[in-house]
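These protein sequence lines map, in sequence, to chains A and B.
Heads up: the first sequence runs through residues 5 to 99, numbered per the working numbering.
Heads up: the second sequence runs through residues 400 to 683, numbered per the working numbering.
I should point out that these hints are in silico values taken from the structure, not numbers from a laboratory.
Please note that a few of the clues may not be correct.
Heads up, simulated DMTMM-like pairs for lysine to aspartate or glutamate below, C-alpha to C-alpha not over 20 Å straight-line [to be verified]: (1) B:Lys488 x A:Glu27; (2) A:Lys82 x B:Asp602; (3) B:Lys679 x A:Glu45.
Keep in mind it's a predicted model, so treat the numbers as computed, not measured.
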Amino acid sequence: MSEATFMGVPRDKISWHPTIDYEKCNFCMECATFCPHRVFEQREGDRRLVVANPNNCVVLCRACSKTCGPDALTFPDKQSTIAEIKQIREQESVQ
Amino acid sequence: MNSAILSCTGLDKPEGSVAREVAIRMASSADSEIICPVLLNRSLARYKKSLAENTLIAVDGCSTRCASKLAEGLGIKIDRKVLISDVLKSSAVTLEPSLNLGPNGLGLAQAVVDDLVQSLNAPSEPIPSAAPSGAFPPPTEHLMVTHDKFEFRIPATDYMFNENDVWVRVVDGVAHVGISDYMQQSLTDINYFDATKTDTDVDQFGELGSLESAKAVFEIIAPASGTVVAVNAETVANPGLINEDPYGRGWLVEMKLSNWPEDRALLLKPEAYAKTVKHKAEEA
Ligand code: SF4
Ligand code: SF4
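So that you can see chain A by itself, here it is in the shape it has in the complex (with noise of 0.2 Å):
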């Protein structure tokens, strides 16, 4: 078992983590100065903040986004990434 899990899920199997729309994020750092989780790190250059690790993201938090003005973050659907956790579940406790 790996060490991270979300529902008895490797937290690598999920794809849940904010993405972040360079067309309207005005580099405030609200997000990044806010998640405990060290998802975001901030770069040299043009794209002054990424997604760096993106498997810390607690799967179904949002808050970050509630913290962003320009509503430059997303997120997938919540109730696709429950089903599909519901199914890697069945199918593992099929093996």
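Put chain B with the ligands on the given structure of chain A with help from the hints.
Here is chain B with the ligands on its own, set in the frame of chain A:
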């Protein structure tokens, strides 16, 4: 009770202009007193009387939440909040891309005003669909997770958790929901509980409203599916209770569960949740 309305200045983006328009229209149609954010920031004394006497409504244009944060920074309690960008998302309206509102923006502002006026005139709490079972004895035994100088308590029995730090306590067919001690401490002082309405059906992992502190807005992720039968009026009136007593008097909603035998398989028992908390605390 009369109301006072604090909006953002509305000079940054169209959503803000809608917030400002809401304030202006509330002043003319609902006799609300406008609290100018810039003046409030300069002189709290100017509005002291009005703030003490009125229900305070804060209207923010976007998630930067300048109006709410200004009030919170000054220690002013907000009774009602509206976030225009959220209202916009749940409506089919597209705002005109200008600070001078067009028909869509003005229409949206009026819709928000109608909604506010209606809820101000409505009796304060909707009658719950079932009699809430109310108070329950607080847990007596706890597991302790320690990290640095922090201590996080987890009730040793009766409570189950989702990985988003929400608990459900199912005893004698009655389900109460709240947030964990760990989340309560991470959020710091909770100053607003925006509850889902009673009689709403929610799926497991759906939303049961949100909590707000100076630090964050926390979505309450439903630990199980069912119907909300009661909202804890005490925590709505005094969200600080959630910090004081997260597993007892600070409960959030009572639910009638619809699929508990299946839902519980996706929840964590206290020991497993303790490991999750440890992991989260170490990673942060
Ligand atoms: S909060 Fe939004 S605008 Fe600010 S840096 Fe993050 S994504 Fe960009
Ligand atoms: S969703 Fe939550 S855990 Fe994920 S990056 Fe945002 S704040 Fe961090």
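Comparing the hints with the structure gives:
1. Annotation: proposed proximity of Lys488 of chain B to Glu27 of chain A holds, straight-line Cα distance about 19 Å (limit 20 Å).
2. Annotation: proposed proximity of Lys82 of chain A to Asp602 of chain B holds, straight-line Cα distance about 11 Å (limit 20 Å).
3. Between Lys679 of chain B and Glu45 of chain A, the direct Cα distance comes to roughly 19 Å. Compliance with the 20 Å bound is thereby established for this hinted pair.
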